[in-house]
Amino acid sequence: MNRYIIKNNIKLMCRSWGNILLFIIMPVILIFVLSSAFDTLMKKYEKSEMTAGYRIEGDGVTEDMIKAMSDVAEENDITLSEYPSGDPEKLIRDNELTGFIVFKDDTYTIYEDKDNEVMGKVLEYFVNVFYENATASAMGVKTDSVKLTVEHPDFRAAIESKDYYGIVEIIYFGWCAIVAGAGIFMNEKKYKIRKRYQVANLSPFKEYLGRFIPIVIVASIGTLIAALLTIVLLGVHWGNPLISFLILIVSTAAATALGVMIYNITDNMIATIIIVFTVVWFMGFWGGSFETYLFSSHPMFLKNLSPVYHINRALTELSCMGHSDYMASAIGYCGMLTIGCSIVAIIAGLLRRRGRA
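In the working numbering, the protein residues as written are 13 to 369.
In short, the hints are calculated from the structure, not lab data.
Possibly wrong hints are sitting among the right ones.
[To be verified] With a cut-off of at most 25 Å between alpha-carbon atoms, the simulated PhoX-like pairs for lysine-lysine come out as follows:
hint : residue 1 : residue 2
1    : Lys102    : Lys133
2    : Lys19     : Lys133
3    : Lys218    : Lys201
Based on the sequences and whatever the hints tell you, model everything.
Listed below in structure tokens is the structure:
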């Protein structure tokens, strides 16, 4: 009996092929837009050269010293430009400078760009070393030329925007799995199928499985097709595909259980979609679906409350690192949600059936 219901419900969902097609196509379009936009944005931070301004006030620094410092700076990818007048902080803002050096007699003052403190510290170190060497040379002490030592330790490259959004948006849309099941719920009311279940003495548990299983199957297939499209069309790297796709299926099952639970409580498809979309939006907002979790300013406890955060971290870290400490929490969180929401959904269905009796 249950096998027949599952098969029949899959057919009902396939009749609403437009919902399933949107479920597949929309995340791919959004991924393309977001990855392109953020890839362009992040390229601004790839420039490694520094540009700093300077001004000489007094007789403590000679032209020969400035020329020598400029030559050494060029060797270390630092460009020095003279600005005889103007407020240093305003000059930094207007000319996109890393910093500004004001030489006064035997002292100097360094103004740093507040939005680029790391490069400002590099400039400060460079000037300090050069100034100390120049002072020592003037006193007849032999010194080595100024040279910044740059080391490149082994590390794994950060995930690209294409890979990040190519993964997290598939997850995000997968949490709207209830949309794929709209055909079931609409036809149940249209043809009064639930009354037939009662006449056939179908238990609330079997009735729940008759909805849950086909939605998971169709939504998972749609999600996996969308994921494959990101690989073929956009070149998204999913790390270990078998593990990643397994987590996607577990995530879709949890999303389906949540959606069916809300529907069994409200008994209204429009209300269900509104509630599900609202809940999923907040989970995605805290979970890094719109802003990468690396740069997110949300408190950590809010992120940990979102199952989407655990899934996002697990799959994106699998993509860029090949492993993730969040795999267990992602699968465990989804498993608990699936079981918890399923229990509530069955109880709600039982209470609704008794209320109609």
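Hint check results:
Proposed proximity of Lys102 and Lys133 is supported: the alpha carbons are some 19 Å apart, at most 25 Å. Among the hinted pairs, Lys19 with Lys133 is inconsistent with the structure: their alpha-carbon atoms are about 66 Å apart, more than 25 Å. Distance check on the hinted pair: Lys218 and Lys201 sit about 18 Å apart at the alpha-carbon level, within 25 Å; holds.
In terms of the numbered hints stated before, the structure departs from hint 2 and from no other.
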